[in-house]
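If you want the building blocks of each chain, they are given just below.
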Amino acid sequence: MEQFTLTLPSSTLPQDIIHTAICGVVSSGNLEVLVEPTATRNACEIVVNTSAHGFRDIWEAVLKDFAERHSVGGLRLSINDAGATPAVVSLRLDQAFETCAA
Amino acid sequence: MNGRRISYFEASARMRLSGLVDAGSFSEFCPPEMRQTSPHLAQLGAPQAFDDGVVVGRASLAGHAVLIAAQEGRFIGGSVGEVHGAKICGLLDKAMVERPAAVLLLVDSGGVRLHEANAGLIAISEIMRAVLQVQAAGIPVFALVGGSCGAFGGMGIVTRLCAEVVMSEQGRLGLSGPEVIETVKGVEEFDSRDRALVWRITGGKLRRALGDATRLVDDLIPAFRAAAADLIERYQTHPLTPAHLDTLLDEQARLAARSERFASARDGLEIWQAAAFADASQVPELTVEEFNLQLGEPA
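Line by line, the protein sequences give chains W and S.
Numbering-wise (the numbering used here), the first sequence opens with residue 1 and increments by one.
Numbering-wise (the numbering used here), the second sequence opens with residue 1 and increments by one.
Simulated from the structure, these hints should not be mistaken for laboratory data.
Remember, predicted model here, so these are calculated numbers, not experimental data.
Any given hint could turn out to be false.
Said to hold, decoys possible - Listed below are several chain S residues computed to face chain W (Cβ distance under 8 Å; list not exhaustive):
no.	residue
1	Ser12
2	Glu33
3	Gly45
4	Pro47
5	Gln48
6	Ala49
7	Phe50
8	Arg74
9	Phe75
10	Gly90
Cβ coordinates follow ideal geometry from the N, Cα and C atoms, glycine included.
Chain W on its own, in the form it takes in the complex (with noise of 0.2 Å):
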């Protein structure tokens, strides 16, 4: 399992919309996001847990894009991933933010 935690800047969002969800199942090719409020309300946290190693330049990438286009300051993510394509990565993120902020 490869291991890292990012801090992405990220504008606020609203403290009491928030509340704790889970979304996608980790199986071959899927991955689930655990999204949790935080105290520091001006960046998302991001703490990944990968089976494919050697792939954290394409993880930065997708998560940036995320980080930039929702507000999700005051989050933290934490990703389970078996193997999950950027694409489902993505999909998975902002179905985790809907949900959430639902």
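Knowing the structure of chain W, use the given hints to seat chain S on it.
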């Protein structure tokens, strides 16, 4: 989600659970944010899940208090590891204290998680003991089987210990799975790639006809909900009573006779014929309603 036509087979454990119970009534024990993950998978460098592949908690179903567990078949085949098993076991132990109207096990599992070997085997035996203990205390446990992994290995045994087994045609129930049988006994014994054969032998229709399943329902979350609600009502008016030794001996004799009667059967078709279906070859094509009608069961 309640009432929508959602395939039970296709849904995730969390979708099944939320569609099955009264809207908004579910509260989860050991939720994902507690990160009760498998220490064994971590040691092996394998991906973990925050809920270790099973969701457990308390809810109401048609107004009755229930405790409920839903296995996620897509996470390592719904396999029972140490934490996964402890969550189900803890839920059953809680039933002894809370005395819900029923405990629902949404089984979707190939059995023991082989990565966790002995810990998984012990977990299964603990679940078996707990199911029997809960039912001896008069609380029925229902197994709902309609996921892609079915109910095999240890979870097949657990399923058959339950007072009621609700299945869809897509659900499967057995001890050794088709691939295990093929590996051990050869493809002549069981061709696990013959999907139609696998379902004719392990699928919900055969299990219902043999009496291993007590209800056959459509592959829809609301259909499973309706069956569970109906069963809860029935146990409210006719509470579960501890089985007498004579009843168990009769059941043992019935199963021994069944085993002998069908010893030479090679296919579900032969059992349809013996079960007096008008046209055995057409049984796989029957709708659930037609099937239950031909089986002589009120719709």
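These are the hints, each one checked on the structure:
1. Checking Ser12/S against chain W by beta carbon gives a least distance of about 6 Å; that is within 8 Å, so the hint holds.
2. Among the interface hints, the one on Glu33/S holds; its C-beta lies about 5 Å from the nearest C-beta in chain W, closer than the 8 Å criterion.
3. With a cut of 8 Å, the hint placing Gly45/S at the interface with chain W holds, because the nearest CB-to-CB distance is about 5 Å.
4. The criterion of a C-beta within 8 Å of any C-beta in chain W is met by Pro47/S, whose closest approach is roughly 4 Å, and the hint holds.
5. With its C-beta approaching chain W no nearer than about 6 Å, Gln48/S sits inside the 8 Å limit, and its interface hint holds.
6. Hint on Ala49/S holds. Least Cβ distance to chain W is approximately 4 Å, under the 8 Å limit.
7. A hinted interface residue such as Phe50/S counts as satisfied when its beta carbon comes closer than 8 Å to some beta carbon of chain W; here the least separation is about 6 Å, so the hint holds.
8. Annotation: interface hint on Arg74/S holds; nearest CB of chain W at approximately 4 Å, less than 8 Å.
9. At about 5 Å, the closest approach between the beta carbon of Phe75/S and any beta carbon in chain W falls short of 8 Å, and the interface hint on this residue holds.
10. Look at Gly90/S: its Cβ only gets to about 20 Å from chain W, farther than 8 Å, so that hint breaks.
Checked against the numbered hints above, the structure breaks only hint 10 and satisfies the rest.
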